[in-house]
Amino acid sequence: MAAGIRDKVAIIGMGCTRFGELWDKSPEDLIVDAFKEAIEDAKIEKKDIQAAWQGGPEFTPNSVGDSALPLAQTLKLQFIPVTKVENMCASGSEAFRGACYAVASGACDIAMALGVEKLKDIGYGGLPEFSHYATIGTKHRIIAANQTAPGMFAMLATRYFNRYGLKPEEGKRMLAAVSAKSHHNGALNPKAHLRREVTIEQIVNSPIVAWPLGLFDCCGVSDGSAAAIVCRADMAKQFRSDPIYVKSLQIAATSGEEEMFTDFDYTHVETTTRAAIRAYSEAGIKNPRDEISMAEVHDCFSITEAVTMEDLQFSARGKVKDDIFSGRFNLDGAQPVQPDGGLKCFGHPIGASGIRMIYEMYKQLQGKADKRQLKNPKYGLTHNLGGIPYRSVASIIIVGH
Amino acid sequence: MVGIISYGAYIPLQRINRKIISNATGWSTSATSLPGEKAVANYDEDSVTMAVAASIDCLTGIDRNKVGGVYFATTTPPYRERQSAGIIATVLDLRPDIRAADFADSVKTGTLALLAACDAVKAGSEKNIVVCASDCRLGRPGSAQEVIFGEASAALIVGDTDVIATLEGSYTLTYDFMDQWRADGDKFNRMWEDRWIRDEGYTKFIPQAITGLLKKYNLNIKDFAKVVIPCIYLREHQGITKALQLEDKQVQKEMLTTVGDTGSAHSLMMLVAALEDAKPGDKILVASYGNGADALFFQVTEHIEKVRDRKGIKKHLNSKKELANYERYLSFRDIIPMEMGLRGEVGPTRVSMTWRDRKTILALCGARCKRCGTPQYPYQRVCVNPKCGTIDEMEYYRLSDKKGRVFSYTSDSLAFSASPPEMYGVVDFEGGGRFAFNFTDCEPESLKVDMHVEMTFRRKYFDSVRGIHGYCWKAMPPRA
Numbered sequence: 001m002a003a004g005i006r007d008k009v010a011i012i013g014m015g016c017t018r019f020g021e022l023w024d025k026s027p028e029d030l031i032v033d034a035f036k037e038a039i040e041d042a043k044i045e046k047k048d049i050q051a052a053w054q055g056g057p058e059f060t061p062n063s064v065g066d067s068a069l070p071l072a073q074t075l076k077l078q079f080i081p082v083t084k085v086e087n088m089c090a091s092g093s094e095a096f097r098g099a100c101y102a103v104a105s106g107a108c109d110i111a112m113a114l115g116v117e118k119l120k121d122i123g124y125g126g127l128p129e130f131s132h133y134a135t136i137g138t139k140h141r142i143i144a145a146n147q148t149a150p151g152m153f154a155m156l157a158t159r160y161f162n163r164y165g166l167k168p169e170e171g172k173r174m175l176a177a178v179s180a181k182s183h184h185n186g187a188l189n190p191k192a193h194l195r196r197e198v199t200i201e202q203i204v205n206s207p208i209v210a211w212p213l214g215l216f217d218c219c220g221v222s223d224g225s226a227a228a229i230v231c232r233a234d235m236a237k238q239f240r241s242d243p244i245y246v247k248s249l250q251i252a253a254t255s256g257e258e259e260m261f262t263d264f265d266y267t268h269v270e271t272t273t274r275a276a277i278r279a280y281s282e283a284g285i286k287n288p289r290d291e292i293s294m295a296e297v298h299d300c301f302s303i304t305e306a307v308t309m310e311d312l313q314f315s316a317r318g319k320v321k322d323d324i325f326s327g328r329f330n331l332d333g334a335q336p337v338q339p340d341g342g343l344k345c346f347g348h349p350i351g352a353s354g355i356r357m358i359y360e361m362y363k364q365l366q367g368k369a370d371k372r373q374l375k376n377p378k379y380g381l382t383h384n385l386g387g388i389p390y391r392s393v394a395s396i397i398i399v400g401h
Numbered sequence: 001m002v003g004i005i006s007y008g009a010y011i012p013l014q015r016i017n018r019k020i021i022s023n024a025t026g027w028s029t030s031a032t033s034l035p036g037e038k039a040v041a042n043y044d045e046d047s048v049t050m051a052v053a054a055s056i057d058c059l060t061g062i063d064r065n066k067v068g069g070v071y072f073a074t075t076t077p078p079y080r081e082r083q084s085a086g087i088i089a090t091v092l093d094l095r096p097d098i099r100a101a102d103f104a105d106s107v108k109t110g111t112l113a114l115l116a117a118c119d120a121v122k123a124g125s126e127k128n129i130v131v132c133a134s135d136c137r138l139g140r141p142g143s144a145q146e147v148i149f150g151e152a153s154a155a156l157i158v159g160d161t162d163v164i165a166t167l168e169g170s171y172t173l174t175y176d177f178m179d180q181w182r183a184d185g186d187k188f189n190r191m192w193e194d195r196w197i198r199d200e201g202y203t204k205f206i207p208q209a210i211t212g213l214l215k216k217y218n219l220n221i222k223d224f225a226k227v228v229i230p231c232i233y234l235r236e237h238q239g240i241t242k243a244l245q246l247e248d249k250q251v252q253k254e255m256l257t258t259v260g261d262t263g264s265a266h267s268l269m270m271l272v273a274a275l276e277d278a279k280p281g282d283k284i285l286v287a288s289y290g291n292g293a294d295a296l297f298f299q300v301t302e303h304i305e306k307v308r309d310r311k312g313i314k315k316h317l318n319s320k321k322e323l324a325n326y327e328r329y330l331s332f333r334d335i336i337p338m339e340m341g342l343r344g345e346v347g348p349t350r351v352s353m354t355w356r357d358r359k360t361i362l363a364l365c366g367a368r369c370k371r372c373g374t375p376q377y378p379y380q381r382v383c384v385n386p387k388c389g390t391i392d393e394m395e396y397y398r399l400s401d402k403k404g405r406v407f408s409y410t411s412d413s414l415a416f417s418a419s420p421p422e423m424y425g426v427v428d429f430e431g432g433g434r435f436a437f438n439f440t441d442c443e444p445e446s447l448k449v450d451m452h453v454e455m456t457f458r459r460k461y462f463d464s465v466r467g468i469h470g471y472c473w474k475a476m477p478p479r480a
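Protein chains in written order, with my numbering: chain L, 1 to 401; chain E, 1 to 480.
Same shape as in the complex, but just chain E:
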């Protein structure tokens, strides 16, 4: 039986209240589509870094060497040519002899990637595949999309052993429905009229996909413990659930007022939330939307009880910090070109070096001396232990999943930062190893010697002259 064997998710720390947005843009537009708040990726995050975070959550307790593939779903890849799934696979420290693929260009690709992964495992092509989805779509300031879009990610592993939720069936509709679109080179999403989108799109396609599924497999909607409806209009969302005759307790809680419309990650995040509360025997129906609609259904097994220690949706929802400044939000996504000064200019990246040192740079792998057992970062051939100094008896030693404590730190107002002050310090890792890293998602006042930190994958810089996104690892206070 093929299905989901683990799940994970990630929601950025900062949330902006939609009132802050409307206070800033209300003079220009009367568009207020949604109350509540939305999640905002930090200046050092993008769809790849968020997908990594969700994938690492998903891979808790799982041997990375056993992962057979990575499918990444997004409409906002950092590169148009350089595989994001390949970057993610390298960061996760997976074997190279695996299948990696980007699923792009539609927010329905979250479930499309999930279905393709299930097909691949069923066909025996791979034993398991990580499916991750994330988006950082931009709405023009003052637009409805700016209000609705949120940034977050979800990840699932598809496999055939110890499955926690088997994929029982699916129904797919492909419609070239151009409600939201972006041409190559567009920075902001474009959309047609709301009324048309609601009337001809969401309220037609989602029920059509769901009833198509029910008919195909001779199912009754009442049999489902949870149904994921991806409609981004609150009133129409209610209308769809009523039309389907769903009871309130069957409707998987939408996250539009707490996170926003997260594009490719949208349905998968609600699926993860459903799995967090699911019991063996539950049937879960997941609908997705975007240039059509999909409907999938899962059956939860007894193995679900073994996968309860994920950060997932709940813990991330509860871990948040208010972003009280609209201009700062705009600067995170480079919507307003803030003055970076000469110090903000980025020097050249030696690409051949980043390839050669990819395990050190992307996977946060150092070395452990086989002679004296000392972990050390970066990977190096000569042991740093002054009592050892052995040459060439090293093995790779991954630090990305190790916890750390801060030995010393500072809060630097001179260093260039898109969100000053730049904070950094010396991190001592559990089990050994030490290095100085930047800190992120923390406040200067909260920095303390000995504080606990976890490692998080982030973007260090974007070199706009040479078109290079420079990734690195930073330390942050544990989110959950």
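Okay, chain L solo, but in the shape it has when bound:
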């Protein structure tokens, strides 16, 4: 009977670039910057890395290149195994997962995961037109609605408001509180793209992008890279006194029923829900609301974060509004969410985001989160969601001491 990944893998070094509209940074620059910080943090040399996983790019193979060769060739990795993985927005987590399983299995001692994306080479705002990248399948792009990410997630909000009796103005205020909270945290983070406080009024009155979501309900589009170096847990103390241990790695991919079977209610994300249940079991977490100290979730849109609180069992179904307005998820609340500012302030360079989330959890657990430092966090959870609410793959990673 498989026992899971708990306490079999340790993170011994991490790096993360500034995220933003980095016009002057090439994909190679981003890869090197994240890598340098990671090996300096781990105090190892490049030759110590025995296998590597490249997360993404998802939308920018035209800039970064395809296969794992961008990573191998940029860093001049010396003929080691290098693998590109992609699972839409969960690609970063997917890369981390590959590196963890490699060291946990004993196939190698030290592995690296690095995610990178160059979204600002696309030439226009938002994620690129799907027909160019066939990211959701070429037949799909003809038969399914001509859509954008904000639109697909907006439908979650339309139905959530309808089901739980929220008038649009009330619902929008709830969503605005989510973004306002993240902006407060991002303002404290020198690596974030957006570093200004924003008020609920500003958010509610911002132009509509896809009803009912407005400009400030949507995360930005940015470039960035992040890296993690992992080793088997029993080796970790050779490298540092404060390694951070992986407590669970779970992924759930849609069966197709949310999109094509009429039972799905469009007020939650089923993949997140199921991955979380398995993750808590793997990590030995019995009461997530009480035991998960902090989380970085996939706030591509404010509504995503709101329903994710319910999917992760932080809030009861239909009740997240109360927790949002009571400040539970604020930096000074009982269960801080997005302490680094989230996708909202970092933007979403897709290949990198999953690892950037782990970076914040790692720094918080080590007491190195500077102005955002939480008091004695025990367990950190990252939630990385690829795709759209009804056609998704969700990754849950839990880390701790």
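Any given hint could be a false lead.
Selected chain L positions facing chain E (in silico; Cβ < 7 Å) [stated by the list, open to error]: (1) Gly126; (2) Thr138; (3) Ile143; (4) Ala144; (5) Ala154; (6) Arg159; (7) Val209; (8) Gly256; (9) Tyr266; (10) Phe325.
Bear in mind the hints are in silico, worked out from the structure with no lab data behind them.
Even glycine gets a Cβ: it sits at the ideal position worked out from N, Cα and C.
Chain L is fixed; fit chain E onto it per the hints.
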């Protein structure tokens, strides 16, 4: 006896008042030929999509597997080589072992296709044939044609069983009369002088065809309950009816001031309107015009009473929305090249994939699991029902004629649209099945959870780099 066994029609939702046009172009021209309004096809419509709409109306209650052919009449096919009738046959989910043909290049092809279909059925070549006609002709901005042309479609099924109106006879005149023309590659119609067209064309050919018919079959014009006169000049239209000594009640109402000159569909639309009000025993005379003139006559039978539940002309005439903006009208037909931005660029279409998945893409056929009965879209081999999951026990299940309700929706200002905002949502079908579709012919303010929708065949994109019209199905609020 051979004749019409069913009818249908389609008029686009949007109508533009001719004053809007003359306000925009009056500085350049004093041409004002017609009052009223004309029907404008939406940016996602073309002659094929409109022909499909009329054909589906016509096929109400009829088993698609029994259809023996499709004849499509148009002067504005989307392709010069790729059969439009073949596209229509695929969209209608007809059998492949049927005859399909495009009748092109003259606005008289509506009745020519009708006659050819009757001949084919009479000869025993097919049991029945769908005849559909539609046009999207363009007049240059400021031209008289821009004012007169309208966009719409009509469809009839010709057969020999339960005929509602038998074809009793016809008379055809073929004249190489070049009043309107388009050379290959021309975007806009060209025309010669109005006076010459009226004097030498309409006022000569139409009476000639009609009197030729009357003489051939020894008929009296007074015997006809309704006469369809396709003249597009109002005063000459009246002059022709007077010269023929028609009483007012015999003249089938023209639709020039409500729809416009719809080219190949013109006479057939008036025939459909006549059939909507016809009684058993009525005789109907249909004249058509274009490089000559045809005259046909029909005798209505008692079966007409069984075919009253069509959307046809009346319901579509009453279902309309004003298009108050001339520039928007120009953008629908790409007369002004609006900025589409980089997001508007279209990626490649995998043609071999569109062939392989044609039932899914064009016919809106999903699958129904024979084990658990769950309808699902697109067609797939593994059942999506989490309690079933059976592999390879599927049958095709057509959704194009199913009604739906909106489970969730949004109105998207980021997605590229030729007529923003792009609206879309999740549609749950009556009887089962669910998928997310774009919405069309609706307003953002009217979107509501649970609203009723019907499916409509539209063009999703035109890839000008590769010359490909990409078709799809969208959902819309019911028209009638």
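Each hint, compared with the structure:
1. Gly126: It holds, given that the least Cβ distance between Gly126/L and chain E is near 5 Å, below 7 Å.
2. Thr138: This hint holds: Thr138/L lies near chain E, its Cβ roughly 5 Å from the closest one there, short of 7 Å.
3. Ile143: holds, 6 Å
4. Ala144: holds, 6 Å
5. Ala154: holds, 4 Å
6. Arg159: holds, 4 Å
7. Val209: holds, 5 Å
8. Gly256: With a minimum Cβ separation of about 5 Å from chain E (threshold 7 Å), the hint on Gly256/L holds.
9. Tyr266: holds, 5 Å
10. Phe325: violated, 24 Å
The earlier numbered hint that this structure contradicts is number 10, and it is the only one.
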